[in-house]
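Novice: If you want the building blocks of each chain, they are given just below.
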Amino acid sequence: MTSSRAAKIDRLASVAARGPELEPGPEGSGSRNATDAGVSLAASAWRRLRRNPVFLVGAVVIGLFVLLALLAPLIAPHDPALRLLDDQVSRARNEIPPPQDGHPLGGDQFGRDLFSRMLLGSQQTLLVAVLATVIGLGGGLVLGTLAGAFGGWVDSLVMRIVDVLLSIPSLLLAVSIGALFADQTQFTVILAVAIVQIPIFARLLRGTMLSVRQSDHVLAAKALGVKRGAIVFRHILPNSLGPVIVQSTLVLAIAVLDAAALSFLGLGAADDAIPEWGQMLGNAQDYFDNQPHLAFLPAVCIIVVALGFTLVGESMREALDPRQRR
Amino acid sequence: MLQMRVARSRRTALIGLTAALAVSLTACAESERDSGGGQEGGTLVFGAPGAPSNFDPFYASDGETFRVTRQMFETLVGIKPGTAELEPELATDWESTPDGKVWTFNLKEDVKFHDGTPFNADAVCKNFERMFNQTGAGATAALSYYWIENFGGFADGAKPSLFKGCTAENPTTVKLELTRFTARFPTMLSQDSFSMQSPKALDEYKANDVKAEGSGFVFSEYARQHPTGTGPFKFTSYDEGNGTIELARNDEYSGDKAKLNKLIFRVIEDETARKQALEAGDIDGYDFPSPADWASLEDAGYNVQIRDPFNILYLGITQKNNEALRDLKVRQALAHAIDRQTLVDSVMPENSEVAKEFYPSSVEGYADDVQEYPYDPDKAKQLLREAGHENLTVELWWPTQVTRPYMPNPQSIFGALQEDLEAAGITVKPISKPWAGGYVDQVEVADAQLFLLGWTGDYNSPYNFIGTFFGNAENQFWTSGSPWGQELADSLADADTTVEEGERDAKYQEINRKLMSDYLPAIPLSHSPPAMVVSSDVQGLVPSPLTKEEFASVTVSSGE
Amino acid sequence: MLQLALVVVVLSVLIFGWLRMLPGGPVSALLGDRGTAESRAELTEALGLNDPIFVQYFAFLGRAITGDFGTSTGVSPGKPAMELFLERFPATLELSIAAILLALIFAIPLGYLAARRRGGWLDNAGVVGSMIGISIPIFFLAFLLKYFLSIKLGWLPTGGRQSPDIDATRITGFFVLDGVLTREWDAAWDALRHLLLPAVALASIPFAVIFRITRASVLDVLDEDYVRTARSKGLTRRIIRDRHILRNAMLPVVTTVGLQTGALLSGAVLTETVFSWQGIGQALAIGFERKDFAVLQVVIIAAAMAYVLVNLIVDLSYAVIDPRIRSAQKVS
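Quick note, the sequences are listed as chains A, B and C, same order.
The opening position of the first sequence corresponds to residue 1340 in our numbering, with each subsequent residue numbered one higher.
The opening position of the second sequence corresponds to residue 59 in our numbering, with each subsequent residue numbered one higher.
The opening position of the third sequence corresponds to residue 161 in our numbering, with each subsequent residue numbered one higher.
Since the hints were made in silico from the structure, they are not lab data.
Mixed in with the good hints, there may be bad ones.
[Said to hold, decoys possible] Facing chain A, a subset of chain B residues (Cβ under 10 Å, in silico):
| hint | residue |
| --- | --- |
| 1 | Glu329 |
| 2 | Ser348 |
| 3 | Ala350 |
| 4 | Ser404 |
| 5 | Glu408 |
| 6 | Trp456 |
| 7 | Thr458 |
| 8 | Gln469 |
| 9 | Gly473 |
| 10 | Ile489 |
| 11 | Lys491 |
| 12 | Pro492 |
Here a beta-carbon is modelled for each residue, glycine too, at the ideal position from N, C-alpha and C.
Could you build all of it, start to finish, from the sequences and the hints given here?
Specialist: Here it is, written out as structure tokens:
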């Protein structure tokens, strides 16, 4: 028995193998030369994507977000760690600095410039998302390749472990991992979020490789005597890439949300000198009633960014998976 | 006026309290209660931040448990509501032999436990013998914390015990014998752990049947379902699924009967959720509102009751791992570098005070003329230069996943300290750890350098504060490494065993002066008050500096 | 079944070792700022935490066989961990079932309608809404719901499972069901009111996912030959919908419901914290903070078991829904 979660991953994996021949694409030709199958799958997916407004909106959001993250150090008027306005903070009277000259959003609960923190928060948030995804993908790649390459009992063992990990609800796993570390830093948060994704990527990659290897066009290429290296690079990799890119995009959104959830549960990075939106939201929970903007600003940013990644990821999935392409 | 006189008299009580004063005290307490007003009956639902560990106060050491058991149990000597001062409770008066080793308590008459058995001298002795004869898991600090802290060892003799014996002279007179004199006796008996419990119920429900098993403790049936005391409320039920503990009025209560029919404690772990439950009218009040909410709760018409601070937050200094910290000048430089007034103003709750020494001024032996360390970064830099540590680098440890009454927001406190220290040219390496995930362990075994920690007083005694910190030279500050570490410990022991009150007071004052000038093993930062909040319908809840609130005097007007 | 056994064994070893590798532990949680080196050592010894890990593990196994899974030290001190789990599990189950039901009740009809009127306003709104649903941090949504509906408007309770002044009889641990069974209608109604907001918050993700799956699979099915055949046979819309479209479109939906169990448990940790819901999610959050080994062991292993079991049920239910599998089973 495989769990349904695993089944879902496998389904995404099988998309790669199906290739364009299963799909009565807009071009209408189902009989395609086997050698350029991988390229045309991506190409046709891209053609469909370009015309999909959902994808475009998501792409624009992500583009702006990345741009913001890159430019934030230049735009931010103040050092986000400095308690410039701490004389205006009073825990006893429940006061935080209001918007004022040079501080368009006022200060946060420690008197630091909120505007600068919001801007620079994008950087750290992007870092958390990207690093968590890359580590998850890397770990998955190692495990998946290990299983796929060795086969036999190594494959069984690795995949059994992966199945066990998949059977733990993801946040529980992240919380357990987060609690494991002696220090709570941004890196432990990234690691906790990333490790949860490893089994997902491992299963996805192994499934993808297996199904691509056995797919008709690869078998055909083999039969035609195409070199092994050429098969791997021209067929297996390009065809495997799609599902991985889709999953990675979705994981980017999940990472941002999971990092926020960890912070909410008190497992976020302890040191908040360098701002991160999830952490800002998690730490603002005490101020929700009195200073709701402390929570709302990062929350809205997180929702928008997660939405951006989700829109792009889902529309790519649709473009790649003809069964869902409606 | 009367209250002040009573406060002074507490100390004479140690040599022998007169029955007359006791009567006047009781009368005073009664008249105060009556003036509270409000009708009888009704139900009060009070939000508690955590679940009680069990209902046998002897096996507990946490406020969540005591908040509940305090309503069901009484102790021999009590605490006057709203103060930290002693008053008679189950004992009407007491006196000791001149050497302070034999104490005779006269007991209140016609008192009955909730199960109908009489409270008498025999019951008192059975209680003390039960405590003294703990073995196994029951004798570990997790369960018998207050016994070990106050009486030391048990009947097995492995460690010396303060307790020697208990004799029932007649039904209303009981004699307690101690192995030595301590100034903390009998005040220590006011602690909830030494509540008088029904010997019959203790036997019947196998109260001592507690064992450590698989990384946890298994409590007895008594502790879980049958707590039986003499107090104004009786145990009804504990609904764990819903997080509610229900108590009912004890109509047989010997003193002023409770005004409420029912008292319900509702466990709401999350601070924000507690506040919201109050705002929605689901509960009538709750303990420990976040200081950030005090102002808005007041504005919304709730009654925020701020207790008098009876705690201390200090910046601990572990001399072991950073040689520079062994230099008094460096420690003094740290003290000058910290702007404690701004810390108290911006980070600490309303009514907090800057701490001049290691305990609040209401405690015996407080010295007004200790050396003070006003905020002066230049002086700090100069002292560091003199000590040859201009480029001082220190680790500053602070805990996550915790708030304590003395430390409502560790992160803010850490931030303020870090900034102050850096302004004095000190390089700060921040180290944060989860409270139960390494912080207290490592701080305790002197792994830290500078760290945040504090203490809430259990009762009115200097030893309960500075004795706990420095009474044993092997401590978190690593004072054993200093030439004066043992000297300090010895002087504390000497003060505690000084019988004559004035002499003892002088000794404690002297220790406090030396602590702040010659030793400075840590830097006292602040005393900050915990609060509780009730809706405007609730009357008669008197905030206690020891967080020992009694709900018997509370009324709640219904209909709104 | 083999996987279930494997999950339990591997997990119990992993969790057991893992927890004991964590810095701190129940001793620090129990003693806090009141511990001394001496009392710490004494308590560590009393709790048996000084023994080698494998000794501790086999002691744990030995007791577990007799049904003793250790005692809580932090969440509900002194309570047997299994008792605590059994008491709190219905709470989480009640919440999860309510959330899934809410999600199903709204997502399936909406998904169906969206697919039938593809590109219409309902379709677009549904698609956008479902995307937002999975992009909003669930604890933030819970906060918003509580803030506006309970605090500002006062329509619903802010947390807990039952008002304390209601003297309800407990039978199953599902408070709403208990109220119905005992005909204590006020208790049932009260429990339902407490249940609503957390269930809505928790339902956000399953709603989004089920909506999209329903929509996609209805679209798939609409194109299938048998639907076209049915149309050409002149069958009524209703028969086509019930016998052909919905039945076949439900298969992926059932898979998804199974898939969502894990997400529900993750979400429950957050939702229960926001709404002080006394379930296992809250027990986990507190358990980690207070290093309650016994509770964490039982809850994590049991949660994983529940997850695997639900997926097993889902796999079995395929047979009921999918005629192909059903007939395949008959043949074999």
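Novice: Hint by hint, note whether the structure agrees.
Specialist: Evaluated hints:
Taking 10 Å as the C-beta contact cut-off toward chain A, the hint placing B:Glu329 at the interface holds, the least distance being around 7 Å. This hint holds: B:Ser348 has a C-beta 6 Å from the nearest C-beta of chain A, less than the 10 Å allowed. Annotation: interface hint on B:Ala350 holds; nearest CB of chain A at approximately 5 Å, less than 10 Å. Taking 10 Å as the C-beta cut-off, the interface hint given for B:Ser404 holds, the closest approach to chain A being about 5 Å.
Against a cut-off of 10 Å between C-beta atoms, the interface hint on B:Glu408 holds, since the closest Cβ of chain A lies about 4 Å away. Interface hint status for B:Trp456: upheld, as the beta-carbon distance to the closest one in chain A is roughly 8 Å, under 10 Å. The restraint placing B:Thr458 at the interface with chain A holds, with a minimum CB-CB distance near 5 Å, inside the 10 Å limit. At a threshold of 10 Å, the smallest CB-CB gap from B:Gln469 to chain A is about 8 Å, leaving the interface hint in force.
Residue-level restraint check for B:Gly473 holds (minimum Cβ-Cβ distance to chain A is 6 Å; threshold 10 Å). Interface restraint check: B:Ile489 against chain A, minimum CB-CB distance 7 Å, threshold 10 Å, status holds. For B:Lys491, the suggested interface contact is upheld, since its CB lies about 6 Å from the closest CB of chain A, less than 10 Å. With its C-beta approaching chain A no nearer than about 7 Å, B:Pro492 sits inside the 10 Å limit, and its interface hint holds.
Violated hints for the displayed structure: none, as all numbered hints are satisfied.
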